[in-house]
Amino acid sequence: MATSAEIGTEGTLQIAEHFKPAQGGSRRRFGWTLLIAYLLLAIGGVCMVTPFFWMILTSVKPAPELVNFSFFPENPTLQNYLNVLNTSTFERWYLNSIIVAAISTTSVVFFDTLVGYTLNKFDFPGKNIIFIGMLGTLMIPTEMLIIPWFTMSVNWNWHIGYTQYWGIAFPGVITAAGIFLMRQFFDGVPNELLDAARMDGMNEFGIWWRIAAPLVKPAIAALAIFNFIGNWNAYLWPLILANSREFYTLPVGLSFFRGESTTHWEKIMTAASLASIPLLIVFLVFQRQIIRGIALTGLKG
Amino acid sequence: MKRSKLFILTGALLVAAMLLAACPAAVPAEAPASDSAAEESAMADEVIEIEYWQYNFAARVDAMNQLIAQFEEANPNIKVVHNADIPYAEFRDKIAASVPAGVGPDVATLFYGWQSVWIDSGYLVPLPEDAFPPAMVAEKFSPMVQASFVEGTLYTLPTAVRALALFYNRDLMEAAGLDPDSPPATLDELRDQAVACTQRDDDGKLVVQGFVADPSAQDHHWFREVLVRQFGGVPYTDDYSEVLYNDEAGMQAWNYLLAFHTDLATGDRDLFDGSTNAFVGGHVCFHVDGSFRLGTIAKNSPEMNFGVAELPSHNGVKSTFGSYWTHGLTKKAAADQARFDAAVKFLQFITSADAGALWVDIVGELPAQLEAGSNPELLADEKLGAFAAGLEYSHATFFADESQQRQAIIDSFDMVVLTDEDPATALQIAADTDQEVLDDFWSSR
Amino acid sequence: MRLTLHQRQIIWAYIFMSVALVFFVVIRWYPTILAFNVSFRDWNVFEGSGPWVGLENYQEIWQDAGKPRSSVTAAFSNTVRYVLFGVPSQLVLALAIALLLAQIRRLSAVFRVAYFAPYVTSAVAVAFVWNWLYQPETGLINQGLDLVGLPQQPFTKSPAQALPSITAVAVWQNLGFAVIIFLAGIQQIPGHYYEAARIDGANAWQLFWRITLPLLNPIIVYLTVLGTISYLRLFALVQNMSPQGTGGPLKSTTTVVLEVYREGFSSYKMGYAGALTVLLFFLILLITIIQLRFFSRRVEY
Numbered sequence: 001m002a003t004s005a006e007i008g009t010e011g012t013l014q015i016a017e018h019f020k021p022a023q024g025g026s027r028r029r030f031g032w033t034l035l036i037a038y039l040l041l042a043i044g045g046v047c048m049v050t051p052f053f054w055m056i057l058t059s060v061k062p063a064p065e066l067v068n069f070s071f072f073p074e075n076p077t078l079q080n081y082l083n084v085l086n087t088s089t090f091e092r093w094y095l096n097s098i099i100v101a102a103i104s105t106t107s108v109v110f111f112d113t114l115v116g117y118t119l120n121k122f123d124f125p126g127k128n129i130i131f132i133g134m135l136g137t138l139m140i141p142t143e144m145l146i147i148p149w150f151t152m153s154v155n156w157n158w159h160i161g162y163t164q165y166w167g168i169a170f171p172g173v174i175t176a177a178g179i180f181l182m183r184q185f186f187d188g189v190p191n192e193l194l195d196a197a198r199m200d201g202m203n204e205f206g207i208w209w210r211i212a213a214p215l216v217k218p219a220i221a222a223l224a225i226f227n228f229i230g231n232w233n234a235y236l237w238p239l240i241l242a243n244s245r246e247f248y249t250l251p252v253g254l255s256f257f258r259g260e261s262t263t264h265w266e267k268i269m270t271a272a273s274l275a276s277i278p279l280l281i282v283f284l285v286f287q288r289q290i291i292r293g294i295a296l297t298g299l300k301g
Numbered sequence: 001m002k003r004s005k006l007f008i009l010t011g012a013l014l015v016a017a018m019l020l021a022a023c024p025a026a027v028p029a030e031a032p033a034s035d036s037a038a039e040e041s042a043m044a045d046e047v048i049e050i051e052y053w054q055y056n057f058a059a060r061v062d063a064m065n066q067l068i069a070q071f072e073e074a075n076p077n078i079k080v081v082h083n084a085d086i087p088y089a090e091f092r093d094k095i096a097a098s099v100p101a102g103v104g105p106d107v108a109t110l111f112y113g114w115q116s117v118w119i120d121s122g123y124l125v126p127l128p129e130d131a132f133p134p135a136m137v138a139e140k141f142s143p144m145v146q147a148s149f150v151e152g153t154l155y156t157l158p159t160a161v162r163a164l165a166l167f168y169n170r171d172l173m174e175a176a177g178l179d180p181d182s183p184p185a186t187l188d189e190l191r192d193q194a195v196a197c198t199q200r201d202d203d204g205k206l207v208v209q210g211f212v213a214d215p216s217a218q219d220h221h222w223f224r225e226v227l228v229r230q231f232g233g234v235p236y237t238d239d240y241s242e243v244l245y246n247d248e249a250g251m252q253a254w255n256y257l258l259a260f261h262t263d264l265a266t267g268d269r270d271l272f273d274g275s276t277n278a279f280v281g282g283h284v285c286f287h288v289d290g291s292f293r294l295g296t297i298a299k300n301s302p303e304m305n306f307g308v309a310e311l312p313s314h315n316g317v318k319s320t321f322g323s324y325w326t327h328g329l330t331k332k333a334a335a336d337q338a339r340f341d342a343a344v345k346f347l348q349f350i351t352s353a354d355a356g357a358l359w360v361d362i363v364g365e366l367p368a369q370l371e372a373g374s375n376p377e378l379l380a381d382e383k384l385g386a387f388a389a390g391l392e393y394s395h396a397t398f399f400a401d402e403s404q405q406r407q408a409i410i411d412s413f414d415m416v417v418l419t420d421e422d423p424a425t426a427l428q429i430a431a432d433t434d435q436e437v438l439d440d441f442w443s444s445r
Numbered sequence: 001m002r003l004t005l006h007q008r009q010i011i012w013a014y015i016f017m018s019v020a021l022v023f024f025v026v027i028r029w030y031p032t033i034l035a036f037n038v039s040f041r042d043w044n045v046f047e048g049s050g051p052w053v054g055l056e057n058y059q060e061i062w063q064d065a066g067k068p069r070s071s072v073t074a075a076f077s078n079t080v081r082y083v084l085f086g087v088p089s090q091l092v093l094a095l096a097i098a099l100l101l102a103q104i105r106r107l108s109a110v111f112r113v114a115y116f117a118p119y120v121t122s123a124v125a126v127a128f129v130w131n132w133l134y135q136p137e138t139g140l141i142n143q144g145l146d147l148v149g150l151p152q153q154p155f156t157k158s159p160a161q162a163l164p165s166i167t168a169v170a171v172w173q174n175l176g177f178a179v180i181i182f183l184a185g186i187q188q189i190p191g192h193y194y195e196a197a198r199i200d201g202a203n204a205w206q207l208f209w210r211i212t213l214p215l216l217n218p219i220i221v222y223l224t225v226l227g228t229i230s231y232l233r234l235f236a237l238v239q240n241m242s243p244q245g246t247g248g249p250l251k252s253t254t255t256v257v258l259e260v261y262r263e264g265f266s267s268y269k270m271g272y273a274g275a276l277t278v279l280l281f282f283l284i285l286l287i288t289i290i291q292l293r294f295f296s297r298r299v300e301y
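Chains as they are written, first to last, in the numbering used here: chain A, 1 to 301; chain B, 1 to 445; chain C, 1 to 301.
Errors might be hidden in some of the hints.
To be verified - Computed cross-link-like contacts, SDA-like style, restricted to lysine to any residue with a CA-CA straight-line distance of at most 25 Å:
no., chain 1, residue 1, chain 2, residue 2
1, B, Lys299, A, Phe71
2, A, Lys217, C, Gly191
3, B, Lys79, B, Ile362
4, A, Lys127, C, Ile10
Claimed, not checked - Distance ranges between label pairs, derived from CB positions:
no., chain 1, residue 1, chain 2, residue 2, range
5, C, Ala109, B, Asp432, 30 to 40 Å
6, B, Asp179, C, Val110, 57 to 67 Å
7, C, Arg198, A, Thr77, 56 to 66 Å
8, C, Gln161, B, Glu151, 27 to 37 Å
9, B, Asp432, A, Leu284, 49 to 59 Å
10, C, Pro164, B, Thr262, 18 to 28 Å
11, A, Thr87, C, Ala196, 54 to 64 Å
It is worth saying that the hints were derived from the structure and are not from the lab.
It should be emphasised that the depicted structure is a prediction, and the values quoted were computed from it without experimental measurement.
For every residue, glycine included, the Cβ atom is placed at its ideal position computed from N, Cα and C.
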């Protein structure tokens, strides 16, 4: 919590000290409870990864093996990967997905954190209405908004050329779900800390940026990764907006392997495997932010 | 300070991505290019640009590109923009979103079963009679194309059509002691051979399925337009405004279909994810399907030893279900006379007999014009011949709402199979549901 | 003119939210109001607009709901069942897994990735993989049942089992999300709370009920409200997993949003789809407000 030290008053420092998350705990000896924990996690983990694993196994099967639903490939091959990577626009779809997810995530991290903070820490008229009003946008199926969004995009010329990236990203540059998430997490930031900073004459933006936001870094990291994944996997809207295959994102491109009578499942599994790898890497990067050093000493009894 | 490094790293990744986004923007985009092309052409001679949309399927895109190239050569003052970058499953969504925004195709390809809904809303405009005389269509096109007329007005025309035929697995037939050179020619033979071909292991589990009744594949079409007629009935009145398959003949047809699942138990559609996949996987002897399935087999089961025969007849009645992807002119085209004329010319070109002949070579779909469809070479084709032979006795159901009407049959089949509903009651429910959809459509006209 | 502290706070709050408010009004609420407007019209998608018909679409829904084997009735009752099955199991499992993950150090990154893998898998791949897992005879689950001598199950092929089977996939896919949010929440719990309680002689069970659970309250609120909303809007998974994507067999898995989509984009009856959307909107709003009220008891630390 280096940032809170910048405030410089003793009181604040003390509060910041109190706010320190649970640390340590690994020093405990290896015991029965830990063994059971590992065992349960292992059983659950196998259940969780088996389908994922089968996706990857399917991606190394030649097409004729697919109709037989066997678990392991009889003649494993990397041909599917070559075929998918040779699909003319595959790299472009990859790049498009990264661009759109990056635009949206950058914006979401900033605005959702700011608005979530405001909704938690400020008192102002219309607060509840605004909060419910924002949540209300989650209560409409996106399918119903697509036609007005597309009409808007055509009116503002967001559906041609490189502005398509903005066109694909714009409905998600601020999200109600993210605002709600951050509002909940700011609950754990003590008001005394903010008041102390106010006493020191810090302006409100500075208090948010330098004191409050750093305290919810784990939540911000979670927000970033979930938003990135959500955009990465978005399907219907990018499909409607983009006007040619050059601007399709990965999931939309994937659907080219699905035909009227023949679906190239081996290629879909290959592309889906390729699509999930960067997400797991992004996750690995962020998860340390999210769960840095937690270990609940208390619960081990 | 490991974590701040990680933050910097991710930040850098994001910035890099943004730069990548900005980078290609520096290169001149395609949009201005086409703008300047349009300007140039305006200087030369008035060039009219029309937009054509179809869903993405490599062979169809290829065939259409060739047709467009030929057309543009013959008509240098017309430019056709071909948009086929639309996945099959979302083709309708994409068109639906484009209409209120005022963009979209002048000439659109659509499944013939969607016509009524598209026409009903005024999205498709009638084809001009001087360019497409009804008598010419009746004479030259496969009879199933009559489904493109709504109350006497022609709205769409296809390049190619499809029909159903009987696929049979020669190896499985031989293993069961059947002669693979004489596949079932009648419904009775199909039933008997399916029973003979079925094999179970000691636990009673199906090892080889003789025939799988699966209305969610093509069997709902087979029931309505083939079986009902063969048992002496008609599925609908001639104008397709009233359901008639809930009579005695329909009941016999229904029982014939159901028996494969219930009494004879020659197959279970739950195995191998349905009849189509099971046949392609080599677990089924006989299967009713369309010409488009040849491509699936070539890809997923290239080694399979199979044949295709005309659908079995019954009481001397031959019938098959025909369907087609068809082309219509939209109200966007109709808004501008010059564009409309260009679109009409284009439609005439892609529905010609020559276009159909090119189409069958590349896509493997049968030509819509009988002249090209009755080509002896095509009829003699080992695999396509059986489909081509069916064109002259094919029927295409006129659908008010294809997905709902199909669902009615599927649901009734499920009622019998999954909830032990009485077959007659189930058929009546299908007919009632179907009738409701039809009433809804015709009453709004 | 001097502003009071509170007045200045109000101004800051609105400055912080200004961009978001404009965004929500223009990009989210304006199209939503259009969808509401459509529900009072006889609007076919292709027409661009349609005549005002008042409550006719709602009357039609009401009449359809009264018919035997009605899709509308099935859609609403299924949707509620998805929520009742899905939300509690997702919450309880995720909390259990998060607590277990918080105990361990070694291999913890591996386990986190394992539990998170389903969340990054694209929707079509998920549907394909689970469809195979659920296959009769050839599917992995039924082969497993065979192995231990249990009878085979039809899963998605039977009207009775299809909905729970699809719910299980939804839980499987979203579990990683809830686990990570819980972990981020656990991370925020100040460690000295546990130390203090343990000095008072509290055992592990008491620590969980007196400290962990109450302090996770904001997170539980978030996951409950958001989980409920997402199950009420369930669509893509059902579309990908039910036969022909129509919510079968025998309408046993259809949802409100699936019906919205079918009416709007397959039958092109936008007015009817709009009316269903409005009904769903108010259903979600009602449930959300009840949940927020119920959970809004502030927890004293």
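Hints versus structure:
A distance of roughly 20 Å separates the Cα atoms of Lys299/B and Phe71/A; the hinted pair therefore holds under the 25 Å criterion. For a cut-off of 25 Å, the pair hint linking Lys217/A to Gly191/C stands: about 17 Å separates their Cα positions. The hinted pair formed by Lys79/B and Ile362/B meets the criterion: a straight-line CA distance of about 23 Å does not exceed 25 Å. Under the criterion of a C-alpha separation no larger than 25 Å, the hint pairing Lys127/A with Ile10/C is consistent with the structure, at around 10 Å.
Between Ala109/C and Asp432/B the beta carbon distance is about 59 Å. The supplied range of 30 to 40 Å is therefore violated. Separation of Asp179/B from Val110/C is about 59 Å and conforms to the stated range, judged on CB atoms against 57 to 67 Å. Taking the beta carbon of each, Arg198/C and Thr77/A are about 57 Å apart, inside 56 to 66 Å as hinted. Restraint check, Gln161/C to Glu151/B: a C-beta distance of roughly 46 Å breaks the suggested window 27 to 37 Å.
In this structure the supplied range 49 to 59 Å holds for Asp432/B paired with Leu284/A, their Cβ-Cβ distance being about 57 Å. About 27 Å separates the C-beta atoms of Pro164/C and Thr262/B, a value consistent with the hinted range of 18 to 28 Å. Between Thr87/A and Ala196/C the CB atoms are about 60 Å apart, so this pair conforms to the stated range of 54 to 64 Å.
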